[in-house]
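**Student:** Sequence:
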Amino acid sequence: MIQPLGFCAKGSEQKVCKLKKSLSGLKQSPRVWFGRFHQAVQQMGFKQCQTDHTLFVKKEQGRTLALIVYVDDIVITGDWVSDIQRVKNFLVTQFEVKDLGPLRYFLGIELVHFQQGFFISQRKYTLDLLKDIGKLGAKPVDNPIDVNHKLGDCNDEPIKDARQYQRLVGRLLYLSMTRPDIAYPVGVLSQFMHAPKAAHLEAVDRVLWYLKKFPGTGLLFKNHGHMKVEDLTSIDCSMCYFPTKSLYVGLHWSFPNFCSLKYNRGPTKEVDKNHEDL
1 MIQPLGFCAK GSEQKVCKLK KSLSGLKQSP RVWFGRFHQA VQQMGFKQCQ
51 TDHTLFVKKE QGRTLALIVY VDDIVITGDW VSDIQRVKNF LVTQFEVKDL
101 GPLRYFLGIE LVHFQQGFFI SQRKYTLDLL KDIGKLGAKP VDNPIDVNHK
151 LGDCNDEPIK DARQYQRLVG RLLYLSMTRP DIAYPVGVLS QFMHAPKAAH
201 LEAVDRVLWY LKKFPGTGLL FKNHGHMKVE DLTSIDCSMC YFPTKSLYVG
251 LHWSFPNFCS LKYNRGPTKE VDKNHEDL
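The sequence shown lines up with residues 1 to 278 when you count with full-length UniProt numbering.
Among the hints, a few may not be true.
[What the hints assert, rightly or not] Below, a list of computed lysine-lysine pairs in the DSS-like style, where the Cα atoms sit at most 25 Å apart: (1) Lys98 - Lys47; (2) Lys124 - Lys98; (3) Lys124 - Lys10; (4) Lys124 - Lys135; (5) Lys88 - Lys47; (6) Lys135 - Lys10; (7) Lys150 - Lys139; (8) Lys10 - Lys27; (9) Lys160 - Lys197; (10) Lys98 - Lys18; (11) Lys131 - Lys213; (12) Lys160 - Lys131; (13) Lys197 - Lys131; (14) Lys197 - Lys212; (15) Lys131 - Lys212; (16) Lys160 - Lys135; (17) Lys131 - Lys150.
These are calculated hints, taken from the structure and not from any lab test.
Build out the structure end to end from the sequences listed, making use of the hints.
**Tutor:** Pasting the structure below:
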């Protein structure tokens with residue numbers, strides 16, 4: 001590659017660097033790598049998603065190919081196995097790659113393949129979370145939140161280390177992608193990120209105790225030969241603990257497989273508008 005600025009020795013401007021030696025010292029090496037990768041997949045007709053720049057999609061003759069990259073890990077999926085293999089063959093000509101076979105684990109998400117579909121969960125991520133905070137020996141509970149909770153009305157003093165609470169809720173938010181059963185309690189707890197109180201931290205502990213009992217719960221996706229998507233939405237003003245705010249709940253299916261549950265808070269007018277758009 002061409003010598004980067006600051007690396008050129010006087011009188012040696014025409015020389016080049018070996019890729020491994022020069023990139024290892026660059027602060028922007030991830031950016032350089034991603035730019036090179038972007039150029040390569042564009043040659044195959046992939047287009048970068050505008051809402052997620054790590055996702056590349058190619059649609060051709062009614063078939064879809066999707067490719068997502070995280071650092072140097074690449075996941076490829078598509079309608080036809082032959083199309084996926086063609087992408088693999090192309091990447092081998094552009095980069096030094098290693099084919100790890102069908103996806104088993106990616107960013108804390110585990111996949112188990114079977115003949116009719118696949119099952120996704122975050123069991124390892126859950127157990128690692130419990131281990132990190134010393135909750136592996138905690139007594140499990142049957143539900144993640146008290147049905148008659150009054151978290152919006154507690155008068156406790158804010159806890160000293162709000163960052164601990166924020167980190168825990170953040171990790172639970174990521175976990176809720178494959179755990180719709182904790183989406184509601186985590187959504188409630190995320191409303192108190194600015195000044196969490198002791199009661200809120202205790203409620204986080206309850207969610208963790210629930211996870212201790214069911215660490216391997218996840219989502220089952222069966223192949224039914226179609227991609228019919230359905231959405232159910234609901235708005236509730238009474239359950240929100242902040243004036244002029246409303247709660248939005250969205251249930252998403254790729255029928256009949258349940259995909260996700262979205263629980264969010266926002267200004268009443270904005271939530272109403274989003275509900276109308278759906």
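**Student:** Are the hints correct? Go through all of them and say.
**Tutor:** These are the hints, each one checked on the structure:
The suggested pairing of Lys98 with Lys47 holds, with an alpha-carbon distance near 23 Å, which does not exceed 25 Å. A C-alpha spacing of about 24 Å is found between Lys124 and Lys98, which places the hinted pair at or below 25 Å, so the restraint holds. Distance hint between Lys124 and Lys10 is unfulfilled; the C-alpha atoms sit about 53 Å from each other, more than 25 Å. Between Lys124 and Lys135 the CA atoms are separated by roughly 14 Å; this keeps the pair inside 25 Å, and the hint holds.
For the hint pairing Lys88 with Lys47, the CA-to-CA distance comes to about 17 Å; that is within 25 Å, so the pair holds. Using a Cα cut-off of 25 Å, the hinted pair Lys135 and Lys10 is violated, with the two alpha carbons roughly 59 Å apart. With a C-alpha separation of about 23 Å, the suggested pairing of Lys150 with Lys139 holds against the 25 Å cut-off. A threshold of 25 Å between alpha carbons decides the hint, and for Lys10 with Lys27 the separation of about 23 Å falls inside it, so the pair holds.
A threshold of 25 Å between alpha carbons decides the hint, and for Lys160 with Lys197 the separation of about 9 Å falls inside it, so the pair holds. About 21 Å separates the Cα atoms of Lys98 and Lys18, which keeps this hinted pair within 25 Å; it holds. Taking the CA atoms of Lys131 and Lys213, the gap is near 14 Å; set against the 25 Å cutoff, the hint holds. For a cut-off of 25 Å, the pair hint linking Lys160 to Lys131 stands: about 23 Å separates their Cα positions.
Restraint check for Lys197 and Lys131: the C-alpha separation of about 23 Å stays at or below 25 Å, so the hint holds. Using a Cα cut-off of 25 Å, the hinted pair Lys197 and Lys212 holds, with the two alpha carbons roughly 23 Å apart. Only pairs whose Cα atoms come within 25 Å are accepted, and Lys131 paired with Lys212 is accepted, the gap being roughly 10 Å. For the hint pairing Lys160 with Lys135, the CA-to-CA distance comes to about 21 Å; that is within 25 Å, so the pair holds.
Taken as a hint, the Lys131 and Lys150 pair is broken in the structure, with Cα atoms around 29 Å apart against an allowance of 25 Å.
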